[in-house]
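Taken in sequence, the protein lines are chains Y and C. Read in my numbering, the first sequence has 21 at position 21, and its numbers run on one by one without any break. Read in my numbering, the second sequence has 19 at position 19, and its numbers run on one by one without any break.
Note that these hints are calculated values from the structure, not bench results. Where a beta carbon is used, it is the ideal one built from N, C-alpha and C, also for glycine. Hints are not guaranteed to be accurate.
Claimed, not checked - Partner residues are not named here, just some residues of chain Y that face chain C (Cβ under 7 Å, in silico):
#1 Val-14
#2 Ala-30
#3 Leu-34
#4 Thr-40
#5 Arg-47
#6 Trp-48
Said to hold, decoys possible - Footprint (simulated), chain C over chain Y, 3 or more residues, beta carbon under 8 Å:
#7 5–12
#8 18–26
#9 49–60
What the hints assert, rightly or not - Derived DMTMM-like pairs: lysine to aspartate or glutamate, alpha-carbon spacing no greater than 25 Å straight-line:
#10 C:Lys-108 <-> Y:Glu-43
#11 C:Lys-48 <-> C:Asp-64
#12 C:Lys-106 <-> Y:Glu-81
#13 C:Lys-106 <-> Y:Asp-29
#14 C:Lys-111 <-> Y:Asp-29
#15 C:Lys-78 <-> C:Asp-4
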Amino acid sequence: MAVSHVANSHTFEVTTPSDREIRMTRLFDAPRHLVFEAMTRCEHIKRWWGCLGEGYSVPECQMDLRPGGKWRFVNRHPHGEAVFYGVNREIAPAERIVFTEIFEQFPDAESVVTATFTDEAGKTRLTVSVQYPSIEVRDAVMASGMDKGAALSYDKLEEVAARLAAM
Amino acid sequence: MATDQLSATFAALADPTRRAIIARLASGECSVTELAEPFEMSMPAVSKHLRVLEQAGLISRGRDAQYRPCRLEPAPLKEAADWAERYRALWAQRLDRLETYLQEMKAKEKKHGRQSRRK
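Looking at chain Y on its own, in the form it has when it is part of the complex (with noise of 0.2 Å):
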């Protein structure tokens, strides 16, 4: 596997605290106020949200930051466009955000995302949740492909596929 030379690449770490649920968490070298605008702007999300590389980019970003207030997100990818869109819930700027999320081609399957923003160590630790309604929608979610999902106990998949590695 490739090594990246990004800072605090090393501290990025996929869970799944329950069958429901995918948790990703990942230290940044930014106050916690940049890291939320970074996500909650269209300006910034534009410029790193899904931008993976050449054939990449989000023609489309609509924001409403406000508990109510829409969003959509459309991913530009060299195969195609994958479209997002959902409801903010709460938002504490700098601290936390709750929305929906809906990926387009799944259209019954809402996920509610929990991002909370908390300082350590001088820098800012991302912890977004992931929550399905059931496992049946998180499991057709996730065999839609790459551009969204949640990896069902990811762990002991790990700790599964290490074995079989051994064997």
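Use these hints to put chain C onto chain Y, whose structure you have.
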């Protein structure tokens, strides 16, 4: 509901007992009786889990009618692990990109003093 292999694999793994069975079989094939032991479950209950795993192609059963040892079929698990790794890698890459972008934001904020920061 989708019925592709990846969905079948994840659906079969969406149960702690079945994951424990898979983990047990990763260290070698064994009989249903041996598998049932650590779970304090009835044989029919274990057999039901084994059927789900077998239908998903995650395990296979021997032909011997009496013994029928269970063994792991690694290919679908490998596919699922690869998928999970791609998922992880995608998000790692996305958040690396955010880190890089934050450094640009920080540099800008420094240059413009506290102007860009919302009051």
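Do the hints match the structure? See the list:
1. Val-14: It holds, given that the least Cβ distance between Val-14 (chain Y) and chain C is near 5 Å, below 7 Å.
2. Ala-30: Hint on Ala-30 (chain Y): holds, closest Cβ of chain C at ~4 Å, below 7 Å.
3. Leu-34: holds (5 Å)
4. Thr-40: This hint is violated: Thr-40 (chain Y) lies away from chain C, its Cβ roughly 11 Å from the closest one there, beyond 7 Å.
5. Arg-47: Arg-47 (chain Y) check passes; min Cβ-Cβ to chain C is 5 Å, inside 7 Å.
6. Trp-48: Holds, about 4 Å.
7. 5–12: holds (count 5)
8. 18–26: Coverage by chain C holds here, the residue count being 3 at a Cβ distance below 8 Å.
9. 49–60: Satisfied; 4 residues make the cut.
10. C:Lys-108 <-> Y:Glu-43: holds (14 Å)
11. C:Lys-48 <-> C:Asp-64: Between Lys-48 (chain C) and Asp-64 (chain C) the Cα gap is close to 19 Å, so the pair holds against 25 Å.
12. C:Lys-106 <-> Y:Glu-81: violated (30 Å)
13. C:Lys-106 <-> Y:Asp-29: holds (9 Å)
14. C:Lys-111 <-> Y:Asp-29: Judged against 25 Å, a Cα distance of about 17 Å means the pair holds.
15. C:Lys-78 <-> C:Asp-4: Holds: Lys-78 (chain C) and Asp-4 (chain C) sit about 15 Å apart, inside 25 Å.
Checked against the numbered hints listed earlier, the structure breaks hints 4 and 12; every other hint is satisfied.
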